[in-house]
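Undergrad: Quick note, the sequences are listed as chains S and L, same order.
Residue numbers are given in our numbering: position 128 of the first sequence equals residue 128, and the series is strictly consecutive.
Residue numbers are given in our numbering: position 215 of the second sequence equals residue 1215, and the series is strictly consecutive.
Everything hinted at is true.
With a cut-off of at most 27 Å between alpha-carbon atoms, the simulated DSS-like pairs for lysine-lysine come out as follows:
| no. | chain 1 | residue 1 | chain 2 | residue 2 |
| --- | --- | --- | --- | --- |
| 1 | S | K155 | L | K1055 |
| 2 | L | K1016 | S | K241 |
| 3 | S | K240 | L | K1060 |
| 4 | L | K1134 | S | K16 |
| 5 | L | K1073 | L | K1008 |
| 6 | S | K240 | L | K1074 |
| 7 | L | K1071 | L | K1016 |
| 8 | S | K2 | L | K1064 |
| 9 | L | K1271 | L | K1306 |
| 10 | S | K241 | L | K1074 |
| 11 | L | K1215 | L | K1227 |
| 12 | S | K240 | L | K1055 |
| 13 | S | K240 | L | K1071 |
| 14 | L | K1138 | S | K16 |
| 15 | S | K2 | L | K1111 |
| 16 | L | K1212 | L | K1060 |
| 17 | L | K1115 | S | K2 |
| 18 | L | K1008 | S | K240 |
| 19 | L | K1071 | S | K2 |
| 20 | L | K1134 | L | K1111 |
| 21 | L | K1227 | L | K1306 |
| 22 | L | K1008 | L | K1064 |
| 23 | S | K2 | L | K1055 |
| 24 | L | K1155 | L | K1215 |
| 25 | L | K1180 | L | K1138 |
| 26 | L | K1261 | L | K1294 |
| 27 | L | K1215 | L | K1008 |
| 28 | S | K155 | L | K1016 |
| 29 | L | K1267 | L | K1306 |
Think of the hints as simulated: they come from the structure by calculation, not from any bench.
Here the structure is a predicted model, which means the values were calculated and not measured.
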Amino acid sequence: MKSLIAFWNILLKDMKNYYLKPPNISWGIIFPFAWMLMFFFKSGTAFKIEEIFAGIVAMSILFGTTSMLAVTITFERRARSFERLLLAPISTELLVFSKISGAVLFGIINSFIPVLISVLYFKSAVLNWYLLFTGIVLLSIVSTLLGLSIAVSAKEVFEAQTFSNFFRFPMIFLCGLFIPIASLPIYIRPVSYILPITYGVDVLKYSISNSNSIPVLIDIILLIIFCVGLFYFSIFNIHKKWIV
Amino acid sequence: MESIIEVKNLTKNYGKLTAVDNISFSINSGEIFGFLGPNAAGKTTTINMLTGMAKITGGKIFYKGNDITNKIKKFQPYIGVVPDDSNLYEELTGFENLCFCASLYGILRSKREVKARQLLEIFQLSEAANRRFKTYSKGMKRKLTIAASLVHEPKILFLDEPTTGIDVVSSRQIRNLIKKLNSDGTTIFLTTHYIEEAERLCSRIAFIKSGKIIKIDTVNRFIEDIKESNVVEVLFEPTHIDITLLEKLNSIFPDLECSFKNENTIKVISKGRIDISPIVSFLSANNIYILEAKLIRPTLEDAFVKLTGIEMDIMKKEKEKK
Chain S
1 MKSLIAFWNI LLKDMKNYYL KPPNISWGII FPFAWMLMFF FKSGTAFKIE EIFAGIVAMS
61 ILFGTTSMLA VTITFERRAR SFERLLLAPI STELLVFSKI SGAVLFGIIN SFIPVLISVL
121 YFKSAVLNWY LLFTGIVLLS IVSTLLGLSI AVSAKEVFEA QTFSNFFRFP MIFLCGLFIP
181 IASLPIYIRP VSYILPITYG VDVLKYSISN SNSIPVLIDI ILLIIFCVGL FYFSIFNIHK
241 KWIV
Chain L
1001 MESIIEVKNL TKNYGKLTAV DNISFSINSG EIFGFLGPNA AGKTTTINML TGMAKITGGK
1061 IFYKGNDITN KIKKFQPYIG VVPDDSNLYE ELTGFENLCF CASLYGILRS KREVKARQLL
1121 EIFQLSEAAN RRFKTYSKGM KRKLTIAASL VHEPKILFLD EPTTGIDVVS SRQIRNLIKK
1181 LNSDGTTIFL TTHYIEEAER LCSRIAFIKS GKIIKIDTVN RFIEDIKESN VVEVLFEPTH
1241 IDITLLEKLN SIFPDLECSF KNENTIKVIS KGRIDISPIV SFLSANNIYI LEAKLIRPTL
1301 EDAFVKLTGI EMDIMKKEKE KK
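Just need the whole structure built from these sequences, with the hints factored in.
TA: Structure, rendered in structure tokens:
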């Protein structure tokens, strides 16, 4: 019960303090629009929404979650308010879980903006809503944990931003969003397969248009393994780097 | 008195640097125990190890006789920690900060709101309760940080330099609050570089330098131990005094060593007790009008300087630079 109270209040505080701030809400809305416009201009007049649907959802999640968590945690570390959480009688697992929950929710909500635009405005079909939702949730968790891994390594907010971009942009081009993995040079492909985003994008592609390249069950299992691995990697790093 | 915390051979190394070097001490239940030392003496590192914010290289920590060295998390519900920087959430109000800190200890909403209001009242911050923390002055921030560490009614409060960098009025209020908390039963572990603060507040003090405890004792014992001779200063109305008067004084009272401290003060030093009345009679008989005669006792500062070799002024300047 005590842990639940602590968890809920950390989540509420983060939502109020960071995620529900007007600049972040507007960023969450504008960002997917910007991506869609980019595709619109790139294709000239029209584009096939099913081809870009998964990509926009994935990028909205990836950029939203990694940016927010990397910055907010680094900011709290810098202001030393994170020490309050470390001094509280809650386990590091619960602490990490409560800190990532806000970012995961932010990622999920962000992703629904392009989903709603695609479905309601562009009349895109979704073949499997359950899998779409599963993909969005897993992608949000794994992206948030990537953001956390970056946050644990960064000391300053600008460092967190730089590290995030260092990871995010190569990931976009290597995860099969724009260029199918099969079309990538053979020596680069192994890199694609060690990126958790690759499997998240594949689940989204399957749920929208059946255009996946890996069996969806394997995608989901690997995403869960990545989530667990990144979660414990972050906890290990917190103990190693923050409690010195 | 029962010891609530006992530390044995505590050591902290950062690579080749030894920040805390094999220190042992105990904190008695209900006392204010002080760590007095300059920057980089190991004060904050010791607090960090005791509160789970730093890993322990060597040694043991006991809470009420139980070894908690490797399970500090279990000890955290019983402690409150006030770091040297006020570290609450800038965007939250004073009231929200206290409620949030209480929630981390699993306190229910109705209870934490009552507790938060009580603490705001005690710390004279009720009027600023709904203002954001970032709008508080340094003194107010420090008071709210102390209040936040008390929301769960800890048995022991760790205060790291509680009055550093804040104004005189706030410092005084904080010192009074510390005394009040202690008289209400909270055991307090305090680090400071202000000798007056340690002298006024602490039941016992540990002098710490370069990670090592030089000595632990009460203020009175520290002073008694360095007292080698008795000193009396006799202050008189400014007048012209013949130097031969001092020679006469020394010859009449051969056990005493009399000298001018300044133009209207005579300093009298003796290994034994000083009987002031014959000296006063002698000076009065020589038309010197006595204003005051006082026994000069060594101070805690004298003891600190003697034992550590560090001048207090240097400590203060170091801190100001920080």
